[in-house]
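Chains as they are written, first to last, in my numbering: chain X, 40 to 353; chain U, 14 to 349.
Any given hint might turn out to be false.
[As the list claims (entries may be wrong)] No more than 30 Å apart at the CA atoms, straight line, and that leaves these computed lysine-lysine pairs for BS3-like:
#1 U:Lys335 / U:Lys21
#2 U:Lys326 / X:Lys244
#3 U:Lys264 / X:Lys244
#4 U:Lys138 / X:Lys244
#5 U:Lys227 / X:Lys244
#6 U:Lys20 / X:Lys263
#7 X:Lys244 / U:Lys31
#8 U:Lys20 / X:Lys244
#9 U:Lys144 / X:Lys340
Everything labelled a hint here was simulated from the structure, so no lab data went into it.
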Amino acid sequence: MDTSRSYLEPSSFSKKMAAAIIIVYAVITLIPISWMVMTSFKNVDSAISYPPEVLFEPSLEGYVNLFTNRSRQSQEYLDSLPPPKNWYEELVRSREMVITGPSKFLGRYSNSMIIGFGSTFASVFLGALAAYAFSRFRVPLKDDLLFFILSTRMFPPIAVAVPIFIMYRKLGLGDTHLGMIILYTVVNLSLAVWLLKGFMDEIPKEYEEAAMIDGYSRLQAFFKVVLPQAMTGIAATAIFCMIFSWNEYAFAVLLTQFNAQTAPPFIPTIIGEGGLDWPAIGAGTTLFLLPVMIFTIILRKHLLRGITFGAVRK
Amino acid sequence: MAKVELKKLFKTYNKKIKALEDINLTIEDGQFFVLLGPSGAGKTTTLRCIAGLEKIDSGDVLFNDENITHDQPASRDVTFVFQQYSLYPHYTVYENLAFPLRSPMRKLPEQEIKNKVEKIAEMLKITNKLKNKATQLSGGEMQRVAIGRALVREPNIYLMDEPLSSLDAKLRETLRVELKNIQLNLNATILYVTHDQAEATTLADKIGVLKEGKIVQIGTPEEIYENPNSIYVSQRLGSPKINILPGSLFKLDNNIPKIGLRPENIELGDGPYEGRVISIENLGSETVVAINFQDNEILASIQGSYKSSINEKINFDFNTNKVLKFDNIDQRIYER
């Protein structure tokens, strides 16, 4: 046994305990998600069978149903059709249906992408500029302004739903991508400013002063020297903003309908025959989970230090 | 390189705290000028005002007789070596050195940048570190690169804010010598801030002594050492520190309130004054003996080693010509 460990280091027993707790926690949080992923690969019958099937024959019916619109036809009509051209047509025919066209899912999904990434970029960009100004300049009423910015998050955003609904209708921003980007940016901005200000405060001002003496303007110094230094904070802030605008449901239901509807209000409306089409909903949510997951994994190495910012100083 | 002049410079922080008061200073082209003073005396503020990082309340900054008081830092063409945090951590050493040359003010062709960077890297002996990230360097290497980033340009003036203070003693000495050589080779105008008297005396062509935001004396290191105009200035240079004693203790011609006695001007062995040994410190090439003389502590520094023991009676004397005389408000009394 290694006896040379420092007293400050946790013992191997407490390390094992910690690992066990983390595993239990991970299992608990992963059960619903894995159930959802499993459902997406079930067929319509096994998805609602009782007792629930843990082992099942995988099927892509959910994904096919997610991406297509179908209609039920009589057996005679189906027999009169030429043989199915590909596997998904065959799958739909076996359910006595024909594909009538693509569903709206892809459009809703790309709306979510545009609005999610658009508002994340806008929040982080504006937040970084504001945070830099608050961190470096003598802004009149600085503390009051910062408190005001924070106070916009002291009520749930949905509390102002009615005024926003009326405003958006008058301004013609309802059901537009721009409108949703602006809305999510406004909600995220206070978080972005506060988070990023903490990071900017930690960057010594000598860096940009050196850059300014080296022949750069303050704005150039900001982009060349300060922003790369703030990458950790930017990554963490971007993830928080992305998660919020990606998942946001209430405003999306209220303000979008045809043109700019995002995936969250769309997925629950996937209705199958004689009940909810659970495999399709499972498929929709599984695909919906992917971008945030990938985004977080890409920025993961910045995230740990990002979330514990302020706690660990150089 | 340029001649740099400061005229009637005033600077306050937050409209209350006086940082600089009526600073008048001329740094000749090619001069190594050292600002000496304790922390809070306004040394760094002076540098920052010349660089344009601080707005001054009133006064003028002139480069080669041209008034640049209201110019942006980027257009002043100066370099600044900071005490710390001096490298851009996300860049390699090469990129750090090339950074000022790639700025919109200069935009040199890459080949020329490469030549300049390599020349400087060779001079500072960091050629093999060029590909390293700035964060993968030791403290000494970092500061070399920081100095290198200043040297790749030929600015109006090099401003250096205690560039060696964060280094260990040995490295500090080596870099000090290197810095002086570089300055002589380039005939560079340098304004160097320090509170380290060894740096001041070895590097400076001229020293300016700052006290609470005012310049109290300007002169060569010899002048500042041998001919200080006040007790404050006399205490800036010399190790061990100058002895400041009441004049009444000694047989001097007239009533002198205070005298300053450099430790090396005291002769031990015999003489009219008798005290007791408090401590003996052997520093190798010299020995510092502390003497209690009528309840005043006097430091004497003797070449080589000195044999004595604590509490032993000791006689001493000094050359009256080497005594610095001061009045009641700590100003120098000059002989006619």
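Now the hints, each set against the structure:
1. Simply put, Lys335 of chain U and Lys21 of chain U have alpha-carbon atoms about 35 Å apart, too far for the 30 Å limit, and the pair is violated.
2. The suggested pairing of Lys326 of chain U with Lys244 of chain X is violated, with an alpha-carbon distance near 58 Å, which exceeds 30 Å.
3. Restraint check for Lys264 of chain U and Lys244 of chain X: not satisfied, since their Cα atoms lie roughly 57 Å apart, outside the 30 Å limit.
4. The hinted pair formed by Lys138 of chain U and Lys244 of chain X meets the criterion: a straight-line CA distance of about 29 Å does not exceed 30 Å.
5. With a CA separation close to 26 Å, the supplied pair Lys227 of chain U and Lys244 of chain X stays within the 30 Å bound.
6. Between Lys20 of chain U and Lys263 of chain X the CA atoms are separated by roughly 35 Å; this puts the pair beyond 30 Å, and the hint is violated.
7. Taking the CA atoms of Lys244 of chain X and Lys31 of chain U, the gap is about 22 Å. The hint holds against a cut of 30 Å.
8. Between Lys20 of chain U and Lys244 of chain X the alpha-carbon distance is near 28 Å, which keeps this suggested pair within the 30 Å criterion.
9. Of the pairs offered as hints, the one joining Lys144 of chain U and Lys340 of chain X holds, with about 23 Å between alpha carbons and a cut-off of 30 Å not exceeded.
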